[in-house]
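Asks: The primary structure of each chain is shown beneath.
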Amino acid sequence: MSRHATAEVLSAFLDEELDRPEEQRLEDHLATCQRCRHDLGSLRRVVTSVRRLERMAPPPVLAQNVQRHIALSGSPASPLEWMEQRLGRIHSSSSIFFTFALVTTLAVLLYFFAEGVERAGQPRTALVLPPPPALSAPVGEQGEIRVVDGRSFVLMDGLWRQQDLGQRFADFHVEADSAVGREILRRHPELGSLGNRILLRFEEGVVELRGAWRRAQLDALRRDGAERPPDQSE
Amino acid sequence: MGVTTASASSLAVSREATPEVTPLAPGEQTDADLVQRFLYGDEEAFAEIYRRFDTMVYNLALRMVGNPEEAADLTQEVFLRVFRHLAKFRGTSSLKTWVYRVALNLCRSRRSRRKRWLLQLAEEAEETVEDERRGPEALALADDASRQVERALRAVKPVFREAVVLRDLEELSYEEIATILQVRIGTVRSRISRGRQALRQLLEREEMSEEQS
Chain A
0 MSRHATAEVL SAFLDEELDR PEEQRLEDHL ATCQRCRHDL GSLRRVVTSV RRLERMAPPP
60 VLAQNVQRHI ALSGSPASPL EWMEQRLGRI HSSSSIFFTF ALVTTLAVLL YFFAEGVERA
120 GQPRTALVLP PPPALSAPVG EQGEIRVVDG RSFVLMDGLW RQQDLGQRFA DFHVEADSAV
180 GREILRRHPE LGSLGNRILL RFEEGVVELR GAWRRAQLDA LRRDGAERPP DQSE
Chain B
0 MGVTTASASS LAVSREATPE VTPLAPGEQT DADLVQRFLY GDEEAFAEIY RRFDTMVYNL
60 ALRMVGNPEE AADLTQEVFL RVFRHLAKFR GTSSLKTWVY RVALNLCRSR RSRRKRWLLQ
120 LAEEAEETVE DERRGPEALA LADDASRQVE RALRAVKPVF REAVVLRDLE ELSYEEIATI
180 LQVRIGTVRS RISRGRQALR QLLEREEMSE EQS
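Chains A and B, in that order, are what the protein sequence lines are. Heads up: the first sequence runs through residues 0 to 233, numbered per numbering that gives the first Met the number 0. Heads up: the second sequence runs through residues 0 to 212, numbered per numbering that gives the first Met the number 0.
Calculated from the structure, these hints are not laboratory results. Remember, predicted model here, so these are calculated numbers, not experimental data. We treat Cβ as the ideally placed atom computed from N, Cα and C, and that holds for glycine. It is possible that part of the hints are untrue.
[As the list claims (entries may be wrong)] Which chain B residues face chain A? A few, computed with CB under 7 Å, are given here:
(1) N58
(2) A71
(3) Q75
(4) F82
(5) V148
(6) R188
(7) S189
(8) S192
(9) R195
(10) Q196
(11) L198
Work out the full structure: start from the sequences and follow the hints.
Replies: Shown next as structure tokens:
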């Protein structure tokens, strides 16, 4: 062995992934090298600390969501089974290929047509900035649903959240006083310091920034009787 | 008249034959048993698959994306893909590694769709993984050391983080990890090592800054 063991060898040694000769050489080296023993100890502590991380249970509602989506999609177990159900028995390999190609082509064309129709009605901007709270404070009751431009929004924890986004969207919350939140607010001072939470939504490379409002301001607006629909600038 | 393609023939044969079924407890059924039951239309088979792997997938997603809500969304998508594509499972690997591969591919594609500046912010930010299901008291009492490790793990480059998570959290063997990542075992060994080294440096740096403050 060269002067000291490499990190990779020490790591593999911890995992008992060295072959026997390599392991023996390392053990002989460790018996005489304090530095490598120290490095091995540090590495072992890192591995132990990672292994102690809490294993989280998934949210209980997840199973129901999966079940619901499967029930709604009604996807078959295999493309061939779908074809069998809809086209009857298939007699020859050439007709299978032809039929599958035809069906696939039609499906792809229909998908892009539907996507085009859907997107035509929904303007997408790279950054959506909230108007001042006096104009669009989300006043309402927790769980209240309002429809704007054909899209359904529900008020949750002081934010209007679009419903029925399907699987292509993911909301990502960032606390305004976190390092990420502070950086976002630094880059977009127009958001101001009003919110205690910033909502980010990812949709195929488009990120929407939505401001939030402090609960006290919401309460004050409610007391004043302000009634405004959700943010319509999205 | 009958179904004549290669894959359809096997399906037809399995349907025409009446296998002798030895009842097994759900946890004892093999991968092949579960998949075959699923293809027969047994809904309980997919439920069993979900039960076996939901925690595994969720924790992998959580460690890769760092956000409980997004991890839940990813987990849902993983199982929908498993449902849609389970017929393609050929048994050349275990069902577990197959599901892991679906999950990891989805984590990667979700990550690549984010805007670069936001990803950079998220990885550089010193932000803990706040699980909103834990109350403030539980979070306050949570081990500070664990939060440091979580932060450091999120800061490790994804290609190395994957390897560390699969080895040290999911306790997979090098062979299983190589199958999931579709790389050689030597590459697995290197990535695990580099991930652990990166973690070690990050944690040592944090310890030093705590001592100085």
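Asks: Could you check if F82(B) really has its C-beta closer than 7 Å to a C-beta on chain A?
Replies: Status holds, d = 6 Å.
Asks: Taking the least C-beta to C-beta distance, is S192(B) closer than 7 Å to chain A?
Replies: holds, 4 Å
Asks: So, as I understand it, the hint says A71(B) touches chain A; can you test that by seeing if any CB pair is closer than 7 Å?
Replies: Where the cut-off is 7 Å and the nearest Cβ of chain A is about 5 Å from A71(B), the hint holds.
Asks: So, as I understand it, the hint says N58(B) touches chain A; can you test that by seeing if any CB pair is closer than 7 Å?
Replies: This interface hint holds because 6 Å falls under the 7 Å limit.
Asks: Under the criterion of a CB-CB separation shorter than 7 Å, is Q75(B) in contact with chain A as hinted?
Replies: Holds, about 5 Å.
Asks: Does the nearest C-beta of chain A fall within a distance shorter than 7 Å of the C-beta of Q196(B)?
Replies: Interface hint status for Q196(B): holds (5 Å vs cutoff 7 Å).
Asks: Verify the interface restraint on R188(B): the C-beta must sit less than 7 Å from at least one C-beta of chain A.
Replies: holds, 5 Å
Asks: Taking the closest Cβ pair, is S189(B) under 7 Å from chain A?
Replies: Nearest chain A Cβ about 6 Å off; hint holds.
Asks: Under 7 Å, Cβ to Cβ, is where L198(B) needs to be relative to chain A, so tell me if that hint holds or is violated.
Replies: holds, 5 Å
Asks: Can R195(B) be said to touch chain A, with a Cβ gap under 7 Å?
Replies: With a minimum Cβ separation of about 5 Å from chain A (threshold 7 Å), the hint on R195(B) holds.
Asks: Going by Cβ atoms only, is V148(B) closer than 7 Å to chain A?
Replies: holds, 5 Å
In this structure, none of the earlier numbered hints is contradicted; all agree with it.
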